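Here are the chains, one letter per residue:
2 protein chains.
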Amino acid sequence: MAASLYQTVIDSIVARIAAGDLLPGGMLPSETQLAQDSGVSQGTARKALMMLEQHGIVRREQGRGTFVTARTPESSLFNFFRLRPPDGHVVQPEVLDERIRQRPATPEEQRTLHGAPATVIEIRRLRSLLGRPRVIETAVLPADLFAGIERRSPLPSALYVLYQQAYGLIVLHADEAITACAAQGQDAADLRVAEGTPILQVERRAQDILGRLIERRLSLYLTADMGYMVRLD
Amino acid sequence: MAASLYQTVIDSIVARIAAGDLLPGGMLPSETQLAQDSGVSQGTARKALMMLEQHGIVRREQGRGTFVTARTPESSLFNFFRLRPPDGHVVQPEVLDERIRQRPATPEEQRTLHGAPATVIEIRRLRSLLGRPRVIETAVLPADLFAGIERRSPLPSALYVLYQQAYGLIVLHADEAITACAAQGQDAADLRVAEGTPILQVERRAQDILGRLIERRLSLYLTADMGYMVRLD
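Sequences listed follow chains A and B, in order.
All residue numbers for the first sequence refer to this note's numbering, where the first residue is 1 and numbers rise by one.
All residue numbers for the second sequence refer to this note's numbering, where the first residue is 1001 and numbers rise by one.
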């Protein structure tokens, strides 16, 4: 079966979930119905449901049907802010400053982001934690996929919830490369530390359910007495 | 059913895998046989197998039986060295220096490590990557669980393979708190950098299949042109 066919089915289900048309806990149409609605074979519909299940988007219950998995912002790994005090409890960050602009993609961005975009949207946010500026986060998105996002400013704290609800894009995987570096220039000024202060740099590449790279993000963290939390399984 | 009963069954299966008595791909005894061998109910044997399956240690095939999952050092997330060049390829580290000693546990170690040990084993290793010292890794283990490990020096590069093969302890989860800090004193000297150079500090707590904290590890990485790689799902 052609990959593009079951991707179409996946896209339409994800879009319906994102639009709130299919709610968490709600039942999906049967394979047969889904195949008819989408004009694909039943095998293709089954394959789409299997992929959605593998990614935790739906849950199939034998003899009952297929249900949207209850996914709340709180249940997603990505929607937890990962800079935390030593006891590991979640602290909500505040956005101190947000700048959104369109600009031409760099060659590296064009080469790696989905759709080889000529134009990207850059979202730079300065965030504070427990009353102190601690995070500078720069997200870069293909402009085509996120049309009009600048008009939604101020954006919610958890961007991935917005991506899902407003654009039907579900981030499911991310690779990060973490390094220690020295704060410099505007970054040091924004974080209110001396140049040369050790800070954590996290380069993230976030993929959606279809494995498309839809966001590159560079985050700078002033860790000091807090740690960037990772769980390995 | 008592938690201790199915833990006993799990322990005995894990020990047989670790001892090489049950090989990857090999078939386990049936639930009935396992229950008889271990003197537990069939429900307890089933619960043990379910937990082993959840953790990826065994695989159950309907109508065929239960098989040891093929786990090689290469297939485990933990056995990949995670400091990598920008292209993400795996580079093997070399051990430049290894020191193993027994010492009294700190109150924090005694409070958190499995079995509230009075004595711990500390393994400090200086490792190089691509011809340059880059990592100082200090692992702290409950002395009772790792009897005689100092006599195995030099230890293999991947400690978790040793834990599994020599002690029947399978590390399956780890939590890490990552911070940026400034290299100081002996650490700076060992890494051959000036004091104050930004380095990555990773504090790991590793748990075995039963959720017991069996290792605390503090790793210092000179990241420079390399990144500490994390995958989020």
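Please keep in mind that the hints were generated in silico from the structure rather than gathered at the bench.
Bear in mind the structure is a predicted one, so any value in this text is a computation, not a measurement.
For glycine and all other residues, C-beta sits at the position ideal for the given N, C-alpha and C.
Heads up, a few of these hints could be off.
Distance windows between CB atoms, simulated [said to hold, decoys possible]:
(1) B/1225 / A/23: 20 to 30 Å
(2) A/205 / B/1175: 38 to 48 Å
(3) B/1106 / A/138: 31 to 41 Å
(4) A/101 / B/1103: 28 to 38 Å
(5) B/1196 / A/88: 36 to 46 Å
(6) A/157 / B/1015: 11 to 21 Å
(7) B/1087 / A/24: 34 to 44 Å
(8) A/23 / B/1015: 28 to 38 Å
(9) B/1007 / A/54: 41 to 51 Å
(10) A/112 / B/1106: 24 to 34 Å
(11) B/1088 / A/231: 13 to 23 Å
(12) B/1103 / A/231: 41 to 51 Å
Results of checking the hints against the structure:
Checking the proposed 20 to 30 Å range against residue 1225 of chain B and residue 23 of chain A shows it is violated: the Cβ atoms sit about 48 Å from each other. In this structure the hint that residue 205 of chain A and residue 1175 of chain B lie 38 to 48 Å apart at CB is violated, the actual value being about 23 Å. At roughly 40 Å, the beta-carbon separation of residue 1106 of chain B and residue 138 of chain A lies within the given 31 to 41 Å, and the hint holds. Taking 28 to 38 Å as the suggested C-beta distance range, the pair residue 101 of chain A and residue 1103 of chain B does not conform, at roughly 55 Å.
The hinted window of 36 to 46 Å between residue 1196 of chain B and residue 88 of chain A is violated, with their beta carbons roughly 29 Å apart. With their beta carbons about 47 Å apart, residue 157 of chain A and residue 1015 of chain B fall outside the hinted range of 11 to 21 Å. The hinted window of 34 to 44 Å between residue 1087 of chain B and residue 24 of chain A holds, with their beta carbons roughly 39 Å apart. Judged by the Cβ atoms, the range 28 to 38 Å given for residue 23 of chain A and residue 1015 of chain B is violated: they are separated by roughly 47 Å.
At about 30 Å, the beta-carbon gap between residue 1007 of chain B and residue 54 of chain A misses the expected band of 41 to 51 Å. Remark: the range hint 24 to 34 Å for residue 112 of chain A to residue 1106 of chain B is contradicted by a beta-carbon distance near 45 Å. The beta-carbon spacing between residue 1088 of chain B and residue 231 of chain A, approximately 20 Å, falls within the hinted interval of 13 to 23 Å. A C-beta distance of roughly 29 Å is found between residue 1103 of chain B and residue 231 of chain A, which places it outside the suggested range of 41 to 51 Å.
In this structure, the hints that do not hold are numbers 1, 2, 4, 5, 6, 8, 9, 10, 12, in rising order.
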